[in-house]
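J.: The chain contents come next:
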Amino acid sequence: MQNNYLTKPMSMALEFLGRISGSEKINQWHLREPALKLVYQSLRQSVRVGKMAQTRFFASAPLKPEEKLSKHKPLKKDIFDLTPTREQQMVRDELLKFAKQNMRPMARDTDNGEIPADFFSQVNALGLAVSGVPEAIKGVGQMRSPVSSMLMAEDLSYGDMSLAIAALAPLGFVNALTEFGSRDQQARYLPSFTEDNFFPASMALMEPSARFVPDQLTTTAVATNAGYRLNGVKCLVPLGMKSEIFVVFANLDNHGPRGFIVERHYPGINTELERNMGLAASGMSRLILTDVELPKSALLGEQEVHYSHQRMIDLSRIGICALSVGTCQAVLDYVTKYANERFAFGEPISNRQAVAFMIADMAIELESMRMLTYRAASRAEQGLPFHRNAYLAQIMCAEQAMKIGTDGLQILGGHGFVCEYPLELWYRQLRAVGILEGTFLI
Amino acid sequence: MINLELSKKLSQLGDMAHAVAEGMFRPISRKYDRLEHTYPKELDMLRSILQGMADGGSDMGADGLSREKKGKRKEIKNGSNMAIVLNMMEICWGDAGLALTIPGQGLGNAAIAAVATPEQKKRFDGKWAAMAITEPDAGSDSAAIQTTAHLDGDEWVLNGEKIFVTCGERADLIVVWATLDKNLGRAAIKSFVVEKGAPGMKMTHLEKKLGIRASDTATIMLDNCRIPRTNILGSETIDTKKSFAGVMQTFDNTRPVVAAMSVGVAKASLDLTRELLEREGLCFEYQNSRFEIPAIEAEFYRMEADLEAARLLMFKAAWMADNGKPNSKEASMAKAKAGRVGNEITLKCVELCGSMGYSENALLEKWARDSKIFDIFEGTQQIQQLVVARRVLKKKSKDLK
Numbered sequence: 014m015q016n017n018y019l020t021k022p023m024s025m026a027l028e029f030l031g032r033i034s035g036s037e038k039i040n041q042w043h044l045r046e047p048a049l050k051l052v053y054q055s056l057r058q059s060v061r062v063g064k065m066a067q068t069r070f071f072a073s074a075p076l077k078p079e080e081k082l083s084k085h086k087p088l089k090k091d092i093f094d095l096t097p098t099r100e101q102q103m104v105r106d107e108l109l110k111f112a113k114q115n116m117r118p119m120a121r122d123t124d125n126g127e128i129p130a131d132f133f134s135q136v137n138a139l140g141l142a143v144s145g146v147p148e149a150i151k152g153v154g155q156m157r158s159p160v161s162s163m164l165m166a167e168d169l170s171y172g173d174m175s176l177a178i179a180a181l182a183p184l185g186f187v188n189a190l191t192e193f194g195s196r197d198q199q200a201r202y203l204p205s206f207t208e209d210n211f212f213p214a215s216m217a218l219m220e221p222s223a224r225f226v227p228d229q230l231t232t233t234a235v236a237t238n239a240g241y242r243l244n245g246v247k248c249l250v251p252l253g254m255k256s257e258i259f260v261v262f263a264n265l266d267n268h269g270p271r272g273f274i275v276e277r278h279y280p281g282i283n284t285e286l287e288r289n290m291g292l293a294a295s296g297m298s299r300l301i302l303t304d305v306e307l308p309k310s311a312l313l314g315e316q317e318v319h320y321s322h323q324r325m326i327d328l329s330r331i332g333i334c335a336l337s338v339g340t341c342q343a344v345l346d347y348v349t350k351y352a353n354e355r356f357a358f359g360e361p362i363s364n365r366q367a368v369a370f371m372i373a374d375m376a377i378e379l380e381s382m383r384m385l386t387y388r389a390a391s392r393a394e395q396g397l398p399f400h401r402n403a404y405l406a407q408i409m410c411a412e413q414a415m416k417i418g419t420d421g422l423q424i425l426g427g428h429g430f431v432c433e434y435p436l437e438l439w440y441r442q443l444r445a446v447g448i449l450e451g452t453f454l455i
Numbered sequence: 003m004i005n006l007e008l009s010k011k012l013s014q015l016g017d018m019a020h021a022v023a024e025g026m027f028r029p030i031s032r033k034y035d036r037l038e039h040t041y042p043k044e045l046d047m048l049r050s051i052l053q054g055m056a057d058g059g060s061d062m063g064a065d066g067l068s069r070e071k072k073g074k075r076k077e078i079k080n081g082s083n084m085a086i087v088l089n090m091m092e093i094c095w096g097d098a099g100l101a102l103t104i105p106g107q108g109l110g111n112a113a114i115a116a117v118a119t120p121e122q123k124k125r126f127d128g129k130w131a132a133m134a135i136t137e138p139d140a141g142s143d144s145a146a147i148q149t150t151a152h153l154d155g156d157e158w159v160l161n162g163e164k165i166f167v168t169c170g171e172r173a174d175l176i177v178v179w180a181t182l183d184k185n186l187g188r189a190a191i192k193s194f195v196v197e198k199g200a201p202g203m204k205m206t207h208l209e210k211k212l213g214i215r216a217s218d219t220a221t222i223m224l225d226n227c228r229i230p231r232t233n234i235l236g237s238e239t240i241d242t243k244k245s246f247a248g249v250m251q252t253f254d255n256t257r258p259v260v261a262a263m264s265v266g267v268a269k270a271s272l273d274l275t276r277e278l279l280e281r282e283g284l285c286f287e288y289q290n291s292r293f294e295i296p297a298i299e300a301e302f303y304r305m306e307a308d309l310e311a312a313r314l315l316m317f318k319a320a321w322m323a324d325n326g327k328p329n330s331k332e333a334s335m336a337k338a339k340a341g342r343v344g345n346e347i348t349l350k351c352v353e354l355c356g357s358m359g360y361s362e363n364a365l366l367e368k369w370a371r372d373s374k375i376f377d378i379f380e381g382t383q384q385i386q387q388l389v390v391a392r393r394v395l396k397k398k399s400k401d402l403k
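These protein sequences, in sequence, are chains D and G.
The opening position of the first sequence corresponds to residue 14 in this note's numbering, with each subsequent residue numbered one higher.
The opening position of the second sequence corresponds to residue 3 in this note's numbering, with each subsequent residue numbered one higher.
The following block holds chain D by itself, in its conformation from the complex:
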């Protein structure tokens, strides 16, 4: 895939940067500034090489209306039911296995942000993104299914939230396109997600301000003769350094927030890797947009599809809730085992109500989070209003996920505080729930 041309020289340059900037000699010899300049130039160069090598996206013909994923799944039987469909269960089994066997063991090592390349090829083989692509363009999706996407987030997050966000970012992009993209945009961009290689893509909604509100964006889009001009800074963009393509949300003149499909090679785009409290493996990055010129066709949905920013926010809030449910289940299961095995005063600490009741409450509140999340997603899937449900689910998950994270760590005592155990990792990840917006659209 083309991204190798882009990332290889860049990563080499970055590695070089890392190596020399850490060297004491450089400081001694007053070489730091010139060296950094050199690296900067080589980086620019590599970006340019990447740019030239890059393919554009083409579509021979737009998707026919009947080839689009049908939006709403009618209930087969009008009953309250918590059982996933057989297909969903099969996917669940597979993803949970992957989460346990592949993701969890590498969670600690990838917390520095370095993910082995074969992780992404394994993820691609799981067929996450392709599950959201219509069959007409070589995908395997038959219907828009927010519930299926939600379950994927829960199950992968059981392995590791950070890796799950990276793995799911392309599916979030695909879902945004099948939900809001025009037929032409779907035909143009979605085939890339059906290939043999992982195709990195992500959404960019958040902005670096303390009082960020997802429907009051400072990133602007101005209509020009040729299309639109974007300016602004986006943060917490998953896979930001890798993604070939983004949906960037910006305030369009007097129209309020809209989505824009931004290809990485457009001039004026800079990305910076962020360092956050957690979620390093998600590749969270800043996206700095300086006079980025976009064609008219970049407007998500163009003139064809009604765009609802609220719906976009709500669908991704449920996505984040689902991620938190998976991680909290990981915390609960780990702590349960630990409390049963850890002896103090001659018996397992779980024999004490002070500990056991904390665990009971974790289980109760986790199930509360799950129920609210499931209901919001299932309403979305059936075409029922779900804004209130997504809002309440977010409130519940934001509060309880962190409580479960901190109580779980507390039960491990000093062991919870050290990196030999996963609790402090989960603790750092769960702090992001309630902050993240637009990370994964179900």
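Note that these hints are calculated values from the structure, not bench results.
Any given hint could be a false lead.
The calculated lysine-lysine pairs, modelled on DSS-like cross-linking and capped at a C-alpha distance of 30 Å, are [to be verified]:
| # | chain 1 | residue 1 | chain 2 | residue 2 |
| --- | --- | --- | --- | --- |
| 1 | G | Lys10 | D | Lys89 |
| 2 | D | Lys151 | D | Lys309 |
| 3 | D | Lys89 | G | Lys79 |
| 4 | G | Lys397 | D | Lys416 |
| 5 | G | Lys204 | D | Lys89 |
| 6 | G | Lys123 | G | Lys204 |
| 7 | D | Lys309 | D | Lys84 |
Facing chain D, according to a computed beta carbon distance under 8 Å, are these residues of chain G, among others [claimed, not checked]:
| # | residue |
| --- | --- |
| 8 | Ile4 |
| 9 | Ser9 |
| 10 | Asn80 |
| 11 | Leu182 |
| 12 | Tyr288 |
| 13 | Arg292 |
| 14 | Tyr303 |
| 15 | Leu314 |
| 16 | Phe317 |
| 17 | Ala338 |
| 18 | Leu395 |
Heads up, the beta-carbon is just placed ideally off N, CA and C, and yes, glycines get one too.
We have chain D; now place chain G onto it with these hints.
T.: For chain G alone, coordinates are given in the frame of chain D:
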């Protein structure tokens, strides 16, 4: 397929119950809160209405809290357990005290429905049955009960004192827990159906209470009380291996019902609070960040989220029972969550509405008094936590006390 909406059929049932709650319970709610120990005669009419509702075209609700046998049917269904919790939730939205004293709907009826033989079911059909477990020295620790039963010819002879018997004065039957042998612990505890007027049975005291005052809470003395041998529920033999589980299983079915009561009362509080706040100009839009809205609005959403969680946990537990899935953990989760948030919400609503909340002119203060009991009876909050913890941690009661 994952769907957390109620079916049309259930929704209609809920709407009907809601209409009864609004039309019949609310108007007399304050009246019987003040007239404690007076039987609400308006409920006699309700008895026939409810019977009509249960019979009318719906197979749900009429067969009580029976449990679908495991593996009997594969297709997922929504049955009587869901119907009953929904019904109870709506009725308690009207008034929980009155709901607890609806003729023919006592907890004893649930116990009979769960474990009685067909012959017993027939014999006790249409009777109102209360439940008598608690004793002066045995509350949550129901294995420690002192009331005894011994066989004398063709009759059981019961001796002991039972307190906190809901509907103890008004019910036709009382399901009494008694031990066949104090030395054999839990396995020896059996339940017996005592009919009103049985020789040696006497109601000695009616409690004055914080809330649910429309419902009578009685003390029953059993002094060489004699009942027919066929009035034992379940087997006569003491099976130490089977232990307590059989008796306790009733709770798996009734705990979601108590959760429903709590959810119903909390819903009533939230609905009225919303109405009062909206009247004073507050808008609920679920729009902005929870940190950018007035604290009173944020508090309201938090309560709504908690209530919705309790409601869904309650339906989940009932749904599992309807489909023959073991739900002991989920039943206790539902009751734990509903009990605590129900109490929190009703208290917070009084606080949010200030003097309007505290005044007897509105029902908010009443609901804040009523709700406390749901975190106590059918197993306190702490008992539910214990059950959940034991299930999650896979512990025996001797290890996690």
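J.: Determine for every hint whether it applies to the structure shown.
T.: Against the structure, the hints:
1. Distance restraint check for G/Lys10 and D/Lys89: the Cα-Cα separation of roughly 14 Å lies within the 30 Å cut-off, and the hinted pair is therefore satisfied.
2. Straight-line distance between C-alpha atoms of D/Lys151 and D/Lys309 comes to about 27 Å, which keeps the hinted pair within the 30 Å bound.
3. Simply put, D/Lys89 and G/Lys79 have alpha-carbon atoms about 13 Å apart, close enough for the 30 Å limit, and the pair holds.
4. Between G/Lys397 and D/Lys416 the CA atoms are separated by roughly 24 Å; this keeps the pair inside 30 Å, and the hint holds.
5. At roughly 56 Å between alpha-carbon atoms, G/Lys204 and D/Lys89 are farther apart than 30 Å, so this suggested pair is violated.
6. With a C-alpha separation of about 25 Å, the suggested pairing of G/Lys123 with G/Lys204 holds against the 30 Å cut-off.
7. For the hint linking D/Lys309 to D/Lys84, the alpha-carbon distance of about 25 Å falls within 30 Å, and the restraint holds.
8. Of the supplied interface hints, the one on G/Ile4 holds, with its beta-carbon coming within about 5 Å of a beta-carbon of chain D, less than 8 Å.
9. Because the beta carbon of G/Ser9 sits about 5 Å from the nearest beta carbon in chain D, less than 8 Å, this interface hint is met.
10. The closest approach between the C-beta of G/Asn80 and any C-beta of chain D is roughly 5 Å, which is under the 8 Å cut-off, so the hint is satisfied.
11. Interface restraint check for G/Leu182: the shortest CB-CB distance to chain D comes to about 31 Å, outside 8 Å, so the restraint is violated.
12. Taking 8 Å as the C-beta contact cut-off toward chain D, the hint placing G/Tyr288 at the interface holds, the least distance being around 4 Å.
13. The interface hint given for G/Arg292 holds, since its Cβ lies 6 Å from the closest Cβ of chain D, which is under the 8 Å cut-off.
14. For G/Tyr303, the interface hint holds, the least distance from its beta-carbon to any beta-carbon of chain D being 6 Å, beneath 8 Å.
15. Checking G/Leu314 against chain D by beta carbon gives a least distance of about 4 Å; that is within 8 Å, so the hint holds.
16. For G/Phe317, the suggested interface contact is upheld, since its CB lies about 6 Å from the closest CB of chain D, less than 8 Å.
17. The beta carbon of G/Ala338 is positioned within 8 Å of a beta carbon in chain D (closest approach about 6 Å), and the interface hint is therefore held.
18. Interface restraint check for G/Leu395: the shortest CB-CB distance to chain D comes to about 5 Å, inside 8 Å, so the restraint holds.
The structure is inconsistent with the numbered hints 5, 11, although it conforms to all the rest.
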